[in-house]
Structures are given as structure tokens and as C-alpha cells.
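S.K.: Sequence:
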Amino acid sequence: MGMKGKAVLGAVVGVIVIGAVSANAGGSDKGDDSGSHSGGKGSSASAEHRSGGKKGANRPEAAAKKAAFDGDGDFQVGKDVEPGTYRTSGNTDDMCYWERAKDASGETDSLLANDNVTGTSYVTVKATDKLFKSSGCKGWEAVDPKAKGSPASKMAGKGGMFKVGTDIAPGTYRSTGNADDSCYWERTKDAEHGLDSIIANNNVTGTAVVTIKASDAYFKTTGCGDWKKTA
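Okay, so the sequence shown: first residue is 1 according to the working numbering, each after it adds one.
One thing to keep in mind: the hints can contain errors.
[As the list claims (entries may be wrong)] Under the rule of at most 30 Å between Cα atoms (straight-line distance), these lysine-lysine pairs were calculated in the DSS-like manner:
{"no.": "1", "residue 1": "K126", "residue 2": "K79"}
{"no.": "2", "residue 1": "K229", "residue 2": "K133"}
{"no.": "3", "residue 1": "K148", "residue 2": "K126"}
{"no.": "4", "residue 1": "K189", "residue 2": "K229"}
{"no.": "5", "residue 1": "K133", "residue 2": "K148"}
{"no.": "6", "residue 1": "K189", "residue 2": "K133"}
{"no.": "7", "residue 1": "K79", "residue 2": "K133"}
Simulated from the structure, these hints should not be mistaken for lab results.
My request is simple: use the sequences and hints to build the entire structure.
M.R.: As C-alpha cells, this is what we get:
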């Protein structure tokens, strides 16, 4: 990504402690995208988000939807892009970088949130934002908040960001084979990517176990072994 390695703010900078949980959001983000399968026992979630409708439907929503705006460029909020939640998938190796900004000065103080992305990312662009920047990303699709999905019970450990109840089912998940704190996970209450968005997070070596609640909005995973629902 031309911007690979660009410093990421908020949850993605340094080591942050959320309650009793330590976080290093500077880790490589989400590597989802092995193609999400329809829900059901043993099903797997990844970057391909299934459309609502009959369970077991074989058609990825991403293939049926046209991107709301391109993955490269600067977009003025309210003019080029409307406020709302958007999703990009299929990104590899941290090559996708996005940024929400309060003005177009390009200065660090103008940043509201940003991230380097592998896999899938959801971002909520607020009406108070002035600019949304995207570089090296796949096209961004508008997310219908009423859309139904077939929640999976497995997910790629580098899959990125999953919507709870749509992409993945709530429950307790287990990931194994993680080394050197390279596995980072995060439970969030929204897709604004601020520190206040984080419910809990952790950097993991070895086996990771996390309970994703039905009240969680999203689950983010990067650099981890694949997750499987155990309860």
C-alpha cells in the first residue's frame, strides 16, 4: 500500500489498556477474505459477506452490490460520500489504508480515526466528519443496518472485522497456534474506531479464548490462528 506502515491512531497506536485488557492496535489488521460461507454449524466467516435471504444461499452479497465509492481517493462527506456505515473486503497485506478527518488540512490533528487493513473493514462515517480518505482498498459498499445474514461459527484469524449476528454468531471462540503477541482481537460497540468504541481487546501468544456477546456490534481479528466457536 503506498501508505503501508502509516501510523494509526486511537486503538491502533502503542499499547493501550482497556480495563484489565492490554491492547496494541498497531498490529497488522484483519486478514479476512477467504470467502464467507453461509451460516450453520461449522460454517466459516471471511471477507465475503452473504446476502440476506434463504439460509445456505450461495451468492456473496459483495458480488451483488455495487460499490458506493472507490477504494482510492479523498471524499468530502455530504458531497462525495453520505454519512453512514461502509464495508470493504478482499484487502491483503495491510495494503488498504483509510482515514476519517475533521478537515482537509492533512495535519495529524485533523485525524479522527484511521487504520491499515487486511481483509474486511467496516467504518462509520459521521455527519460531523469532513473528509474520508481511502488508499489501496477495495471498493466501499454501503451497509444496510437492517440486512440479514447467516452468521458463521468459524472465522479467519486474519479476517479483519466481522459484524456480530450477521457475519458471525455470538458465542465463545478459540484460536490456537499464535506466536509472539502477533494475534490481536477486539470486541467493539460500533464501527467508529475510537478508543470509546472498544469493549475489550488483547494481544495473544499461544491459545486465545474470547466470548463475543450478542450485544457486541463487531469483532476484529488480526494475525491470529483461525477461530472456531466452542460454545
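S.K.: Compare the structure with each hint and give your call.
M.R.: A quick look at each hint next to the structure:
1. K126 x K79: Holds, at roughly 13 Å.
2. K229 x K133: Roughly 35 Å between the alpha carbons, so the hint for K229 and K133 is violated.
3. K148 x K126: 23 Å, holds
4. K189 x K229: Holds, at about 20 Å.
5. K133 x K148: Distance of about 28 Å is within 30 Å: holds.
6. K189 x K133: At roughly 23 Å apart (the allowed maximum being 30 Å), K133 and K189 satisfy the hint.
7. K79 x K133: Between K79 and K133 the Cα gap is close to 14 Å, so the pair holds against 30 Å.
Hint compliance for this structure: hint 2 is the single one not met.
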